[in-house]
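**Student:** Sequence:
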Amino acid sequence: MAATTIQRDPTRGSTAETAPAVGFRPADPGPLGLGAFAMTTFVLSMFNANLVDEKGAPVVLGLALAYGGLVQLLAGMWEFRTGNTFGAVAFSSFGAFWISFWALNVFYAKDIGGNVDHALAVYLWAWAIFTAYMTIASLRVSGAVLLVFVLLTATFVLLAIAKMGSGSTTVGHWGGYVGLATAVAAWYASFAAVINSTFARTVLPVVPLNVGRPARERAASRA
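Going letter by letter, the sequence shown gives residues 530 to 752 in my numbering.
The hints are simulated quantities; they were obtained by calculation from the structure and are not laboratory data. The structure displayed is predicted, hence computed values, not measured ones. Heads up, a few of these hints could be off.
What the hints assert, rightly or not - Here are the computed lysine to aspartate or glutamate pairs in the DMTMM-like style, where the Cα-Cα straight-line distance is at most 25 Å:
1) 584 x 646
2) 639 x 583
3) 584 x 640
4) 639 x 582
Given only the sequences and the hints, what does the whole structure look like? Please build it.
**Tutor:** Next comes the structure, spelled out in structure tokens:
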């Protein structure tokens, strides 16, 4: 008889729900992806908010490549295995974002001609657009994940605006502050998923937003 496992997925808004799954299922990759995103965002945002000496900013790069980048990308690939489209797209994309951030700073920024800030503004606006439409999708996930995406969209917008025109240091710092709030929200979602799974009950709420879906559809989305 095939083994029966319990699957809980925070990016479906059903962290505390359980569903039997026949055959091999990987461990829930959601908390890993959220944790990787949260830590890397937190460290970078500390510098963006000017709360630590900007000379230490290169410390972000190793974290961006290894944890925010590769680990989050792996989480996205595992989400494909679980059949979670939202988690797969989100974690794979933001894993790629952090890898591109690392590559941009290590290899390519020095080759940008003209106004570097304006080029970075285009980069940041592109990610703001992506995050904004993922925010709409998160309306059917959970309150915890929705909060992360709302704050992250605001972070990208503020950082993009800070690079436009003659630039605005103040707006950039606000982007850092909102980035810190984003990191805290992502850490909460990750922690809630881990502790709810470990205790097999709701210890920390994530406020599922897909409760109005038909039971058959919810079951199919977890299959």
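**Student:** Going through the earlier hints one by one, which of them does the structure break, listed in rising order?
**Tutor:** none
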